[in-house]
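A.B. asks: Protein chains in written order, with the working numbering: chain A, 1 to 152; chain B, 1001 to 1285.
Honestly, the hints are just simulated from the structure, not real lab data. Being a predicted model, the structure only gives us computed values, none of them experimental. Warning: the hint list may mix true and false statements.
Each pair of labels, with its calculated beta carbon distance range [as the list claims (entries may be wrong)]: (1) A/Lys126 x B/Lys1025: 54 to 60 Å; (2) A/Lys126 x B/Asp1265: 26 to 32 Å; (3) A/Asn52 x B/Pro1092: 23 to 29 Å; (4) B/Lys1012 x A/Asp118: 35 to 41 Å; (5) A/Asn52 x B/Arg1283: 40 to 46 Å; (6) B/Lys1064 x A/Asn31: 39 to 45 Å; (7) A/Pro17 x B/Lys1012: 51 to 57 Å; (8) A/Asp118 x B/Phe1157: 35 to 41 Å; (9) B/Leu1086 x A/Asn114: 20 to 26 Å; (10) A/Asn52 x B/Thr1208: 28 to 34 Å; (11) A/Asp118 x B/Leu1242: 52 to 58 Å; (12) B/Asp1263 x A/Glu88: 47 to 53 Å.
Result set (DSBU-like, lysine-lysine): computed pairs, CA atoms no more than 35 Å apart in a straight line [unchecked claim]: (13) B/Lys1083 x A/Lys140; (14) A/Lys129 x B/Lys1083; (15) B/Lys1025 x B/Lys1042; (16) B/Lys1254 x A/Lys54; (17) B/Lys1180 x A/Lys11; (18) B/Lys1064 x B/Lys1180; (19) B/Lys1254 x B/Lys1069.
Here are a few chain B residues that sit away from chain A, every Cβ distance over 12 Å (derived from the structure) [unchecked claim]: (20) Glu1228; (21) Gly1235; (22) Ser1249; (23) Asp1255; (24) Asp1265; (25) Leu1282.
Note that the Cβ used here is the ideal one computed from N, Cα and C, for glycine as well.
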Amino acid sequence: MEISLTVNGEKHTVDVPPNTLLVYLLREVLNLTGTHIGCDTSSCGACTVIMNGKAVKSCTVFAFQADGAEIITVEGLAKNGELHPVQEGFMEKHGLQCGFCTPGMLVLAYELVNTEEDLSEEKLRKALKGNLCRCTGYQKIVEAIQYAKEKV
Amino acid sequence: MIPATFECYRPKTVDEALSLISQYKDEAKVLAGGQSLIPMMKLRFARYPVIIDIGGLDELRFIKEEDGKIKIGALTKHREVEKSELISSKIPVLSYCASEIADIQVRNMGTIGGSLAHADPSADFPPVMLVLEADVVAKSQNGERTISVKDLFVSVFETSLKEDELLTEVQIPIPDNNMKFGYKKFPHPATGFAVVNCAVGLKMNGNTVEDIRVAFGGMTTSPYRDYELEEKLKGKELNDSLIEEVSDSIGEGKDIISDYYADADYRKHVAKTFFKRLANELRGS
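The following block holds chain B by itself, in its conformation from the complex (with noise of 0.2 Å):
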């Protein structure tokens, strides 16, 4: 399969590439990795008349500590985010989460500002990222802006950044150490997207719950934090009814997604069943 023919830009700097998005807009598309951008535009569910490909942009690749925060440069691929130290010592969860994503030749080239930015609401990332509490950083020829991921996802690969911005890097605030996290996802077999993925974050104090976020993807046009759950955790003492009454509400009053991977009423059982087990996990039972 061969996509539409475009024309294509290779910007050598951030704002070289700036420029160009600035001139050409909504009629071009900015090329990471190419790994989700690619398959679009061979099945010809995509096509753009201009490509800007920012593959060059070396300054775009780091993975660094700063200001009790971990800076990853948009460009990182998925196997470099996996592979690191720095993350693996630092927020485990996201090294697993990383390694989880598609297979080897996938994060070989998949980078983590390209899959923020195509929002797909079945990816990795993005429940972590969520539980996390991470920003993205948002620059155009007009300066920058910092978003948090919770504002960032819109709906189905589509994100709040304007069309004049590039996402350039992506900061994570280094955990308390007493918050434990933990993902898990439902691939389907074929694809290895989640079908439904959960990220949860949970801080005990003894056997109350001091702090916890809780995540889903795959179930909504948008990952999303479950505020109305985590509140009725909050300060709580954490047993096994508590955790499956609670656990009843998940996916309550959302527009939950049916095809035919899975319907509503069994990615809300998935749901159900990952938080259910990352609580107990987490909480060390």
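Isolated chain A (complex conformation) (with noise of 0.2 Å):
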């Protein structure tokens, strides 16, 4: 089926089965690997993009759900090669160990920074549930986007 969406500001308009799932549009077909495939059930946050403003798992979004939408992923985050405050905030902190859950922390981050007022350590921690960092390196994830938070 065909379905138009704009991913970073770039407008696709792509043919793909009624079964092709969010991520694998975004990976296979845009050829935009940022975005990663962690668990594939919805538990890990790896895959979470913007899309119209709200972080979603896009490993359990149908690519015709996004019909329309505008997304935005991790490599949408920093503009004109100055990088987004909540990347700075993952660099100045050391907000990263391996760095695969991290594109998926960067993105919810976005939005966190975005749309909270309140990013208390107890919230923040409450608000990365569906993100999970199997190096456990959630203290410093917390103290990134706190200092993201400060810049926006």
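With the hints as a guide, bring both chains together as one complex.
C.D. replies: Here it is, written out as structure tokens:
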């Protein structure tokens, strides 16, 4: 089926089978491999992208559900060579070790710093429930997002 | 993982959706947010020849107050329920319950109508809807009817919706100010689903129970109101020994689920503990 969507500001019209998941459209059709597939069962959050301003798990969204949507992936966070504050925060506060979960963490953080007023440690820990870091680097991730919130 | 292939329809109006549903009946599955359905399709627990994606039915996205009720369109996302000022001011337990569902990403896609129609015995909303005595509106080409939530859940993933009906709206009577509500769940750490969850509504008159509503999820194949327990408390003076005494009957005579998350005895223990804690919190001691 034919669907049109905007990804990181660029319009795309693609023809994909109905059972195509958004993450496969991004990675394999549009070659945006920054969005990761981790658990593939909606638990780990590595595949998180922004769809119409909201963080969603792209392994659990059909591509056709994104028809007409504006998508932002991790590749779309930096603008004109300048890192987004969440990326800067993860760099400054060492918010990653192996880096596998990082794209999902960054994208969720993007929604959080843009929409949430209170990013206390307690609130952030709850907000990060859907993003797993198996290096268990949560303390640094919390600090990175709080750093970014100050800058936004 | 890729779901089995299917034919996909994307109606733009409720009427169009109802016509597709009545045409394809049980060959078709309705897709709302997909946060339960898509994982089941990916794991191949479920496959359907036809998917009817109702995500484009903007007329089913609303939260409003009307006739003493809060009315929520079936496609309202959990995150919208959680963040709604109208809901948090009139029915705070519902905002809290919504905020406990899965994680932000799932709440940004998952819908209230989808969750109720999916009838997962461990879902968050059912016990809270049971104590709030909510109704759902079911529409078909032959008209519409209202179903009380207590008559909605039939078994695991099974509701009393007919094969040509679409759940379009949830209606929740705004509760009496003097009735206090609470919700607790014990989530499985990996899935986030409730091993057991419990909702209680309690209205006190001094030390006496004027009215009480208690519901459990995760215990049996369908979430249920414990009317027997409620009757044992109505009109009685509420004290520690009475709470302890009545809680002993929780789960008795029921076919309690035993699985690799928890056996039946453990589930009963958690249910009793939640009921006791909620009764104590809500009576204000």
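A.B. asks: Verify that the Cβ of glycine 1235 of chain B lies farther than 12 Å from every Cβ atom of chain A, and report whether the claim holds or is violated.
C.D. replies: At about 40 Å from chain A, glycine 1235 of chain B clears the 12 Å cut-off, so the statement holds.
A.B. asks: With respect to the beta-carbon atoms only, verify the hint that aspartate 118 of chain A and leucine 1242 of chain B lie 52 to 58 Å apart.
C.D. replies: Between aspartate 118 of chain A and leucine 1242 of chain B, where Cβ atoms are some 40 Å apart, the hint is violated.
A.B. asks: Starting from lysine 1254 of chain B, check that the Cα of lysine 54 of chain A is at most 35 Å away, please.
C.D. replies: 42 Å, violated
A.B. asks: Confirm or reject: glutamate 1228 of chain B is not an interface residue toward chain A, with every Cβ-Cβ distance exceeding 12 Å.
C.D. replies: 36 Å, holds
A.B. asks: Need the status of pair lysine 1064 of chain B, lysine 1180 of chain B: alpha-carbon distance at most 35 Å?
C.D. replies: The hint holds at about 22 Å.
A.B. asks: Can you confirm whether the C-alpha distance between lysine 1254 of chain B and lysine 1069 of chain B stays at or below 35 Å?
C.D. replies: 33 Å, holds
A.B. asks: Hey, is aspartate 1255 of chain B genuinely clear of chain A, shortest beta carbon separation above 12 Å?
C.D. replies: 29 Å, holds
A.B. asks: Could one say that the CB atoms of lysine 126 of chain A and aspartate 1265 of chain B fall in the range 26 to 32 Å?
C.D. replies: Holds, at about 31 Å.
A.B. asks: Taking C-beta pairs only, is leucine 1282 of chain B more than 12 Å away from all of chain A?
C.D. replies: Non-interface label stands for leucine 1282 of chain B: nearest chain A Cβ at 23 Å, farther than 12 Å.
A.B. asks: For serine 1249 of chain B, is the shortest CB-to-CB distance to chain A above 12 Å, so the non-interface label stands?
C.D. replies: Holds, because the least Cβ-Cβ distance between serine 1249 of chain B and chain A comes to about 34 Å, which exceeds 12 Å.
A.B. asks: Checking one constraint from the list: CA of lysine 1025 of chain B to CA of lysine 1042 of chain B, max 35 Å. Satisfied?
C.D. replies: OK: lysine 1025 of chain B and lysine 1042 of chain B at ~22 Å, within 35 Å.
A.B. asks: When you check the alpha-carbon spacing of lysine 1083 of chain B and lysine 140 of chain A, does it fall within 35 Å?
C.D. replies: Given that 35 Å is the threshold and the Cα spacing comes to 28 Å, the pair holds.
This entry does not satisfy hints 1, 7, 10, 11, 16 and 17, going by the numbered hints stated previously.
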